[in-house]
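A.B. asks: Each chain is listed here by its residues.
Protein chains: 2
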Amino acid sequence: MPSAGLLVIGNEILSGKIVDTNSPFLASQLRELGVDLERIVVIPDEIDTIAEETRRFSQSYDHVFTSGGIGPTHDDVTMEAIAQAFGKKLILDEQICARIERTQKEPLNDAMKKMAYMPEGANVIDVSDLWFPVVVVENVHVLPGIPQLFEKKFQSIRDRFAGVPIHLTRIYVTRHESEIAEDLHGLLREFSELMLGSYPRIGEPDYRVMLTLESRDRDYLDRAAESLCARLPSDVVLKVE
Amino acid sequence: MPSAGLLVIGNEILSGKIVDTNSPFLASQLRELGVDLERIVVIPDEIDTIAEETRRFSQSYDHVFTSGGIGPTHDDVTMEAIAQAFGKKLILDEQICARIERTQKEPLNDAMKKMAYMPEGANVIDVSDLWFPVVVVENVHVLPGIPQLFEKKFQSIRDRFAGVPIHLTRIYVTRHESEIAEDLHGLLREFSELMLGSYPRIGEPDYRVMLTLESRDRDYLDRAAESLCARLPSDVVLKVE
Chain A
0 MPSAGLLVIG NEILSGKIVD TNSPFLASQL RELGVDLERI VVIPDEIDTI AEETRRFSQS
60 YDHVFTSGGI GPTHDDVTME AIAQAFGKKL ILDEQICARI ERTQKEPLND AMKKMAYMPE
120 GANVIDVSDL WFPVVVVENV HVLPGIPQLF EKKFQSIRDR FAGVPIHLTR IYVTRHESEI
180 AEDLHGLLRE FSELMLGSYP RIGEPDYRVM LTLESRDRDY LDRAAESLCA RLPSDVVLKV
240 E
Chain B
0 MPSAGLLVIG NEILSGKIVD TNSPFLASQL RELGVDLERI VVIPDEIDTI AEETRRFSQS
60 YDHVFTSGGI GPTHDDVTME AIAQAFGKKL ILDEQICARI ERTQKEPLND AMKKMAYMPE
120 GANVIDVSDL WFPVVVVENV HVLPGIPQLF EKKFQSIRDR FAGVPIHLTR IYVTRHESEI
180 AEDLHGLLRE FSELMLGSYP RIGEPDYRVM LTLESRDRDY LDRAAESLCA RLPSDVVLKV
240 E
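Quick note, the sequences are listed as chains A and B, same order.
Number 116 in numbering that gives the first Met the number 0 belongs to position 117 of the first sequence; there are no gaps in the numbering.
Number 25 in numbering that gives the first Met the number 0 belongs to position 26 of the second sequence; there are no gaps in the numbering.
Check each hint, because a few of them may be wrong.
When chains are identical, the list treats them as one kind, so a pair holds in a single copy or across two.
[To be verified] Heads up, simulated EDC-like pairs for lysine to aspartate or glutamate below, C-alpha to C-alpha not over 16 Å straight-line: (1) K88 / E119; (2) K238 / D221; (3) K104 / E189; (4) K112 / D92; (5) K87 / E137; (6) K151 / D218; (7) K104 / E178.
I should point out that these hints are in silico values taken from the structure, not numbers from a laboratory.
Using the sequences and the hints, build the whole thing.
C.D. replies: Listed below in structure tokens is the structure:
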């Protein structure tokens, strides 16, 4: 199965000033696609740190996504870091310059021009009505931090990442985890390939634990869900969905 | 300044089934305390991966926090991984066993007993009315994934992490980043110690960019904010707070 890693770049996340909504968005998108997101790392706007993680991620995962740090200000250093990660030069893309100029209807100042610099040999993927493209260097997809743009840009390249979708069944139970743990062990002995999650919830009036059963094989999943329901006392299962 | 790293453990976050609220909570708490959160990593429920990251974090940061993986089910492997990280044995804590027994008013089953295993030599910090303590191994603070418990437990140990608080001024401006980038550069040339963030927002009717100015020195911060306001055309600053 294709694997993926997400690199979230930004002091604003680490300092608690802005809540990162790009990670949960990408996580559920990749899940739908059947791509295994194996790691999310949040790091500051520091060139060496970003470069090192980019290199590590690029070697470890099939697809790498970065979020943030590609604007026109002093703290936007992602492109420079990615160039460094791959030992490439940062060069001015004339095509993007021309595009910015058309949009702005005035000559580029230094800040705007900064946004047109990218690692040599980068692939540029146009996104419908946005003037700034998605930049791809090796297997690294460079996305912006602003959630509306992150989502729009990911949607526009989404089809490139098709894996084998994972099917999910949720079972809500009315007992504590420690009361059903043995049944879960039994289930896993029978269905060793099942992806099984157990998530206690506090403050839910109707249930105590949400169980998630997942598999890329729909039939296998259905048999596992059936087996679990048979193991649990009947008044324990609130609903299956 | 004290530094910190947060290790979020859980397939449920990576697969997009549960949104991680512990990271933004801890990020703002540490910021208030003046502790520098330098990295957040989200990894799956895999012993070797958790052990490796725990070791790395423990060496890299003054304080390490983990979130998740300490319940009674098959996917709760954090304690085992932390023991492995430090080459310690996992041993049954009789005191915690006794405490669980008192709360449950019945003999411990295997699942409950699992929660009383911890790395040899761990420190145990009691948390008011909760039967399960905060476990500390070297500089690693083991916290649960359930947000209500994560928050309650962190609050109970919060005073251990006092740094020097960081003061923050937010300035909202009505121009695009590229139009003010030069002024920001000028500001940083004058105030090189200033922590300056620039965050464009889409969909805000009144402003385009939120600037954050931060310093541990209140007076320095005030002078920097004043200098920035003087640099920007007066109709550009919507508000300062």
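A.B. asks: Look at each hint and say if it fits the structure.
C.D. replies: Hints and how they fare:
1. Proximity of K88 and E119 under a CA criterion of 16 Å is satisfied intra-copy only: 6 Å inside one chain copy versus 51 Å between copies.
2. Taking identical chains as interchangeable, the C-alpha atoms of K238 and D221 lie at most 16 Å apart only when both belong to the same chain, with a minimum of 15 Å there against 57 Å between chains.
3. Taking the closest pair of Cα atoms, K104 and E189 never come within 16 Å of each other, the shortest separation being 66 Å inside a single copy and 32 Å across copies.
4. Taking identical chains as interchangeable, the C-alpha atoms of K112 and D92 lie at most 16 Å apart only when both belong to the same chain, with a minimum of 9 Å there against 62 Å between chains.
5. For the identical chains of this complex, K87 and E137 are intra-copy neighbours only, at 11 Å inside a copy versus 41 Å across copies, given an alpha-carbon limit of 16 Å.
6. For the homomeric pair K151 and D218, neither the shortest alpha-carbon distance inside one copy (34 Å) nor that between copies (42 Å) is at most 16 Å.
7. Taking the closest pair of Cα atoms, K104 and E178 come within 16 Å of each other only across two copies (14 Å); inside a single copy the shortest separation is 67 Å, beyond that limit.
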